[in-house]
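S.K.: First to last, the protein sequences are chains U and A. Position in the first sequence (first residue = 1) + 64 = the working numbering. Position in the second sequence (first residue = 1) + 1 = the working numbering.
None of these hints come from the bench; they were simulated from the model. Please note that the accuracy of each hint is not assured.
If you want a taste of the chain U side facing chain A, the calculated C-beta under 8 Å gives, among others [said to hold, decoys possible]:
| # | residue |
| --- | --- |
| 1 | Q85 |
| 2 | A121 |
| 3 | I123 |
Every beta carbon over 10 Å from chain U, so not counted as near; a handful from chain A, in silico [what the hints assert, rightly or not]:
| # | residue |
| --- | --- |
| 4 | G28 |
| 5 | Q109 |
| 6 | D123 |
| 7 | G142 |
| 8 | P148 |
| 9 | R161 |
| 10 | R252 |
| 11 | E294 |
| 12 | K328 |
Note that beta-carbon positions come from the ideal geometry of N, C-alpha and C, so glycine has one too.
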Amino acid sequence: MTIDAEHCLTCGDRAVAARVQSVDGLEAVVAVAADTERVAIDLVPEARPGDLLLCHAGIALERISEDAVR
Amino acid sequence: MKYVDEYRDPGLARGLAAEIRSLVTPGEVVRVMEVCGGHTHAIYRHGLEELLPPEVELVHGPGCPVCVIPMGRVDDAISIAETDGVVLATFGDMLRVPGGKGSLLEAQARGADVRMVYSPLDALELARREPDRHVCFFAIGFETTAPATAVTLIRARAERAENFSVFCNHVLIEPPLRAILETPGLKVDAFVGPGHVSTVIGTDAYRFIPEEYGRPIVVSAFEPIDLLQSIAMLLRQHAEGRCEVENQYTRVVRPDGNPRALAAIAETMEPREDFEWRGLGALPHSALRVRDELASLDAERLFTLPGARIEDPKACRCGEVLTGQIKPWECGVFGTACTPERPLGTCMVSSEGACAAFFSYGRLRRPREEASEKAPIGA
């Protein structure tokens with residue numbers, strides 16, 4: 065998982081919000097900035113294309129509520 | 002950038018700063034500890050202290066997992082890395098952390114096969130690609146990172162990986178919070194709770210803070226607007242005579258966290274009897290080990306480790322910084338013998354460490370009037 069150099073990956077303060085492009089079993093391809101990454105979705109297996117996920121250390125930790133964001 | 006700019010809006014920040022000013026009582030200092038190193042970093046990076054009135058004092062807490070790892074565990078990792086046929090994989094921040102025998106980066110320079118990965122799953126992938134070598138993942142982090150290790154262990158077990166193990170150093174957030182809350186002469190009135198740890202454990206996990214210790218806590222996200230709003234929420238609790246757990250990070254954090262993540266952790270790891278924390282000493286049930294059922298994936302059972310307990314350098318006051326007793330610049334070696342390029346203590350290693358964050362953003366602490374003593378909020 066790409067993360068900017070100003071932040072520490074270890075504690076994931078900047079766990080990345082990433083949009084799901086496709087899902088294949090327990091792996092999802094997500095859009096991060098101008099790139100795509102593969103993340104494990106074992107913890108959010110209900111993730112579907114279009115969902116916004118909080119991703120950290122190669123796995124999705126949670127789905128982000130876009131209603132709350134707005 | 003969508004979902005970032007909204008949380009850095011200068012107009013909103015000014016409005017929240019004005020609200021915070023309206024909520025303080027002149028001369029009555031409220032000490033707010035941000036538990037998470039990510040918050041510490043954001044506070045310095047965005048200069049948030051400059052927006053706060055002198056009555057709000059921010060205290061930097063122990064929530065940087067790199068900073069709390071004792072030197073002996075780094076030496077254990079180096080010992081694994083220097084074993085023939087072994088690849089030691091870990092997060093980049095761990096590479097520069099000084100142990101008693103130097104850092105992993107120095108071990109790499111001596112010939113050890115140390116590699117940086119972004120995920121424990123990447124370490125497992127390394128093991129698949131290099132079946133002739135044993136890949137050990139040096140796992141650190143709070144409950145945010147533990148689920149990734151747990152998922153990796155579950156996958157490694159499923160595929161019967163024989164050349165992969167985890168050197169588990171995951172730590173838990175509740176024991177250090179209790180240790181801080183039980184510190185004699187505690188100088189913390191309220192807490193800003195960690196955001197992504199809470200994604201996993203949920204806000205209900207913090208109920209002991211108001212219920213047993215009479216301090217409020219607001220779980221917060223990491224952008225400037227988030228942090229200012231969280232501080233305002235804490236002050237509003239004080240003004241309204243409340244003392245409870247509140248959630249500012251509602252867009253991700255739920256009261257019960259992520260039950261699947263908690264189940265994955267429980268399936269693969271269990272609490273240790275105790276674990277040594279830099280600055281806090283040995284805390285019971287404060288860290289995780291690999292479960293007996295996964296012994297073949299546990300580096301602590303596969304390798305003979307030195308297991309030495311190493312004292313911090315005497316000049317280093319990381320322990321006092323981590324528990325909020327002193328500010329980074331009050332340490333005698335800050336910025337002189339201890340810099341991000343040549344860190345003496347771990348608070349200077351990680352970008353999340355209070356010393357590194359303060360050093361990097363070069364902020365001079367504004368003059369403050371002497372903090373006057375006051376009763377904890379909600380007590």
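S.K.: Taking the hints in turn, state whether each one holds.
M.R.: Verification of the supplied hints:
no.	hint	in the structure
1	Q85	16 Å, violated
2	A121	4 Å, holds
3	I123	5 Å, holds
4	G28	33 Å, holds
5	Q109	18 Å, holds
6	D123	6 Å, violated
7	G142	5 Å, violated
8	P148	6 Å, violated
9	R161	18 Å, holds
10	R252	4 Å, violated
11	E294	18 Å, holds
12	K328	20 Å, holds
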